[in-house]
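J.: Spelled out, the chains give:
4 protein chains.
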Amino acid sequence: MLEDLKARVCEANLELKRSGLVILTWGNVSGIDRESGLVAIKPSGVSYADMRPEQMVVVDLEGRVVEGDLRPSSDKLTHLVLYREFEGIGGVAHTHSIYATAWAQACRALPCYGTTHADNFRGQIPVTRKLTKKQLQGQYEYETGLAIVQAMEGREPLHMPATLVASHGPFTWGPSPEAAVENSIVLEQVAQMALVSERLATVLGDRFLKPISRELLDKHFLRKHGKDAYYGQE
Amino acid sequence: MLEDLKARVCEANLELKRSGLVILTWGNVSGIDRESGLVAIKPSGVSYADMRPEQMVVVDLEGRVVEGDLRPSSDKLTHLVLYREFEGIGGVAHTHSIYATAWAQACRALPCYGTTHADNFRGQIPVTRKLTKKQLQGQYEYETGLAIVQAMEGREPLHMPATLVASHGPFTWGPSPEAAVENSIVLEQVAQMALVSERLATVLGDRFLKPISRELLDKHFLRKHGKDAYYGQE
Amino acid sequence: MLEDLKARVCEANLELKRSGLVILTWGNVSGIDRESGLVAIKPSGVSYADMRPEQMVVVDLEGRVVEGDLRPSSDKLTHLVLYREFEGIGGVAHTHSIYATAWAQACRALPCYGTTHADNFRGQIPVTRKLTKKQLQGQYEYETGLAIVQAMEGREPLHMPATLVASHGPFTWGPSPEAAVENSIVLEQVAQMALVSERLATVLGDRFLKPISRELLDKHFLRKHGKDAYYGQE
Amino acid sequence: MLEDLKARVCEANLELKRSGLVILTWGNVSGIDRESGLVAIKPSGVSYADMRPEQMVVVDLEGRVVEGDLRPSSDKLTHLVLYREFEGIGGVAHTHSIYATAWAQACRALPCYGTTHADNFRGQIPVTRKLTKKQLQGQYEYETGLAIVQAMEGREPLHMPATLVASHGPFTWGPSPEAAVENSIVLEQVAQMALVSERLATVLGDRFLKPISRELLDKHFLRKHGKDAYYGQE
Numbered sequence: 001m002l003e004d005l006k007a008r009v010c011e012a013n014l015e016l017k018r019s020g021l022v023i024l025t026w027g028n029v030s031g032i033d034r035e036s037g038l039v040a041i042k043p044s045g046v047s048y049a050d051m052r053p054e055q056m057v058v059v060d061l062e063g064r065v066v067e068g069d070l071r072p073s074s075d076k077l078t079h080l081v082l083y084r085e086f087e088g089i090g091g092v093a094h095t096h097s098i099y100a101t102a103w104a105q106a107c108r109a110l111p112c113y114g115t116t117h118a119d120n121f122r123g124q125i126p127v128t129r130k131l132t133k134k135q136l137q138g139q140y141e142y143e144t145g146l147a148i149v150q151a152m153e154g155r156e157p158l159h160m161p162a163t164l165v166a167s168h169g170p171f172t173w174g175p176s177p178e179a180a181v182e183n184s185i186v187l188e189q190v191a192q193m194a195l196v197s198e199r200l201a202t203v204l205g206d207r208f209l210k211p212i213s214r215e216l217l218d219k220h221f222l223r224k225h226g227k228d229a230y231y232g233q234e
Numbered sequence: 001m002l003e004d005l006k007a008r009v010c011e012a013n014l015e016l017k018r019s020g021l022v023i024l025t026w027g028n029v030s031g032i033d034r035e036s037g038l039v040a041i042k043p044s045g046v047s048y049a050d051m052r053p054e055q056m057v058v059v060d061l062e063g064r065v066v067e068g069d070l071r072p073s074s075d076k077l078t079h080l081v082l083y084r085e086f087e088g089i090g091g092v093a094h095t096h097s098i099y100a101t102a103w104a105q106a107c108r109a110l111p112c113y114g115t116t117h118a119d120n121f122r123g124q125i126p127v128t129r130k131l132t133k134k135q136l137q138g139q140y141e142y143e144t145g146l147a148i149v150q151a152m153e154g155r156e157p158l159h160m161p162a163t164l165v166a167s168h169g170p171f172t173w174g175p176s177p178e179a180a181v182e183n184s185i186v187l188e189q190v191a192q193m194a195l196v197s198e199r200l201a202t203v204l205g206d207r208f209l210k211p212i213s214r215e216l217l218d219k220h221f222l223r224k225h226g227k228d229a230y231y232g233q234e
Numbered sequence: 001m002l003e004d005l006k007a008r009v010c011e012a013n014l015e016l017k018r019s020g021l022v023i024l025t026w027g028n029v030s031g032i033d034r035e036s037g038l039v040a041i042k043p044s045g046v047s048y049a050d051m052r053p054e055q056m057v058v059v060d061l062e063g064r065v066v067e068g069d070l071r072p073s074s075d076k077l078t079h080l081v082l083y084r085e086f087e088g089i090g091g092v093a094h095t096h097s098i099y100a101t102a103w104a105q106a107c108r109a110l111p112c113y114g115t116t117h118a119d120n121f122r123g124q125i126p127v128t129r130k131l132t133k134k135q136l137q138g139q140y141e142y143e144t145g146l147a148i149v150q151a152m153e154g155r156e157p158l159h160m161p162a163t164l165v166a167s168h169g170p171f172t173w174g175p176s177p178e179a180a181v182e183n184s185i186v187l188e189q190v191a192q193m194a195l196v197s198e199r200l201a202t203v204l205g206d207r208f209l210k211p212i213s214r215e216l217l218d219k220h221f222l223r224k225h226g227k228d229a230y231y232g233q234e
Numbered sequence: 001m002l003e004d005l006k007a008r009v010c011e012a013n014l015e016l017k018r019s020g021l022v023i024l025t026w027g028n029v030s031g032i033d034r035e036s037g038l039v040a041i042k043p044s045g046v047s048y049a050d051m052r053p054e055q056m057v058v059v060d061l062e063g064r065v066v067e068g069d070l071r072p073s074s075d076k077l078t079h080l081v082l083y084r085e086f087e088g089i090g091g092v093a094h095t096h097s098i099y100a101t102a103w104a105q106a107c108r109a110l111p112c113y114g115t116t117h118a119d120n121f122r123g124q125i126p127v128t129r130k131l132t133k134k135q136l137q138g139q140y141e142y143e144t145g146l147a148i149v150q151a152m153e154g155r156e157p158l159h160m161p162a163t164l165v166a167s168h169g170p171f172t173w174g175p176s177p178e179a180a181v182e183n184s185i186v187l188e189q190v191a192q193m194a195l196v197s198e199r200l201a202t203v204l205g206d207r208f209l210k211p212i213s214r215e216l217l218d219k220h221f222l223r224k225h226g227k228d229a230y231y232g233q234e
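Residue numbers (my numbering), protein chains in the order written: chain A, 1 to 234; chain B, 1 to 234; chain C, 1 to 234; chain D, 1 to 234.
Treat the hints as calculated values from the structure; they're not laboratory data.
You can trust all of the hints, since none of them are fake.
Within a straight-line C-alpha distance of at most 30 Å, the following computed DSSO-like cross-link-like pairs (lysine-lysine) qualify:
(1) B/K130 - A/K210
(2) A/K130 - C/K227
(3) A/K17 - C/K224
(4) B/K17 - B/K224
(5) C/K210 - C/K224
(6) D/K134 - B/K219
(7) B/K219 - D/K133
(8) D/K219 - C/K134
(9) A/K224 - B/K133
(10) C/K224 - A/K133
(11) A/K227 - B/K134
(12) B/K17 - B/K130
(13) C/K227 - A/K133
Derived contacts from chain B toward chain A, CB cut-off under 8 Å, selection only:
(14) I23
(15) L70
(16) S167
Heads up, the beta-carbon is just placed ideally off N, CA and C, and yes, glycines get one too.
With the rest of the complex left out, here is chain A (with noise of 0.2 Å):
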């Protein structure tokens, strides 16, 4: 069932690795068929080398396992979070690649320093506040992935597809599974840039380095995405 998503999955799961922005068995994809409210993830702690479309587990969005045989990744629970509350999005990507992870263990929101930023993300990209014992010690990762909609509370899913874990790292997503692959990459991009930008800025004297404008953030932000964009083919 559903064999193109799965494809597409386990494709987007080896641009992950192909990236750089996983190692080992690290992070995963998972796409959604809205349709039929089915789930296709990469299966926990499996080799990149000879991943098949095959393996890929399919869950409904309680996360019982529909089709596979392996076991799904144990962030299931998280992705399901991000599909049942962001109507719009298709598709979720985890890693744990360095700058973004890095700022997630600084618990810091990572700032919109430059137009690389807004072509992506609308705005600062938000981070979560810390789990507490009982929630660490009950489902955690239904937890993670209810302190992202919290921390993305009062944001458009599709303006801003990242959120930053606190002590973890970055949960992306977007349209499709591809479009999710996308904005891990370019996160780790930008935050590696703005590590940089910050330790310019404080040669000149200035703790904190302002963020770009919201006429800039908009008009860079606008020009990939809706109605008016006119970055790229039709």
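Knowing the structure of chain A, use the given hints to seat chains B, C and D on it.
T.: Relative to the frame of chain A, chains B, C and D by itself:
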């Protein structure tokens, strides 16, 4: 038409990708045929994986498409301003390479801290002023070109073949599309080296590292450029 | 003899190279056959380009060569101390990977700032004391092993499979040579992430970033290790 | 003539490229035949992609071209000063590798913070004084060689096979062209590690990290070099 120029511009775009300066569909290179006043430029948002010379779009200096089925790069107008204002140049390149972009995001001109820099750039690489709200909401890419020209005031374009666009990223140029790409490559190297040199200098208690002397700068630039150059083969 | 172990140890050494953790002839991995008490280890100073299983040297726990034409790794005695003192381990790896070595050179234990760290290491990764002049001029590699054992005091070797040797670099271990190499790979990632996280935290005026909570640490470590683990396939 | 030396020098130049220490046409390696007093050196500004042994230029110790159709490296005179002054050396390499160059640009000698450094360099790697205006405008490359010799005063060239040229970049050497390249590779690694170690030490409130002890330095250097060395195969 302009088959040779389109082939060289296509190859120069691919070199940008191979050099690690761009990811996804980012970046763009163009080249001009000064006789006809026509410019060949990368199409907007097209994959590098299967980029071919016949996809390059030919435009005139006012930006009208003269040949090509695809939409030209969204940064087209910036390129055209540079060709109109900088007479001696034959190619323009634009990237979001990490370190050069980080300097642009910090809105800092890049000081000349060593001979690697001096070999290609005769002094501090300028940064543009920020665009006004009105300029952002008008012909944005055209205004970006004007801001570069303004930042370059008093400088010889072939002696200073780069400018950092504030909050955005680098534009470079040169006598040919290949030289424009080479200058993007060197700029990224010296942007990283300068960051590290500043970090190392702060350990000594220096807040600012001093640029190299005018004499060393000229020695290295003129060893490679101009009538008395003795680097390379004739 | 021990053909299978030698093949695995050779492959584990090559994985160290492929992962970018070692250059030139640096680094070494060994594995033990607990039944016979024999250890297979990389020969000293041999090129990775043409490394073959039959070059691995077999030594006993006192360091006597039992099989092999080449001289064993100069770090042999350090490995042997670890096999004698840490009963459950099956493999040892040593690298000079850049970020882990930089922490060792700064003589700093590596705090646990996130779940990437917690997935493999149950707490702060210890650093050894510096060796005394007498120890340096005695059986140096043996003393290095003792310093690791001392730094690990009170810790369970399979819960903390790494120690930073002050002014030198990391040693890691695990139930197998492959696991020892995996721990070297993860250590290098978290050493870089921790550096960046500390840099980002200083912008907020925090001199020290706080490690993650005991609860989050245990949650992640036990998600992957022990009888209640649910990461990966059974 | 000197076919074997030219082949080795060509291969050593290509190794510089493969190791990521040089880009474009940067860098140069030479080797000397002590019997004839002739030096084979990379030609100036030639592409690495199709470099061949027969392109290497043979010069005598006064810099006269003895064989070869191409112009020798513009840094030729620097190499020749080193061959004349440092009797035991057989090869010289020069790069603009990022971290070593950044130390040179910061005009800082590179302290020995760990055993990776001590394995190849017996102490702090010196940095030259800046050249005077007169020296810059005279025989620049020859003066650069003299500045290296002056910075090396009191040191044994084969125990300290590197010097950082202030505002420029590193020169390394060794008993052979291959050893000179190896020293460039190690220098770049330890230059990056030292930067990171200093960053990590400042978190502890140390402005300067202390170099390792004389005893540890000698232990590691002599483990690999000299009559009592026991690293590698005989």
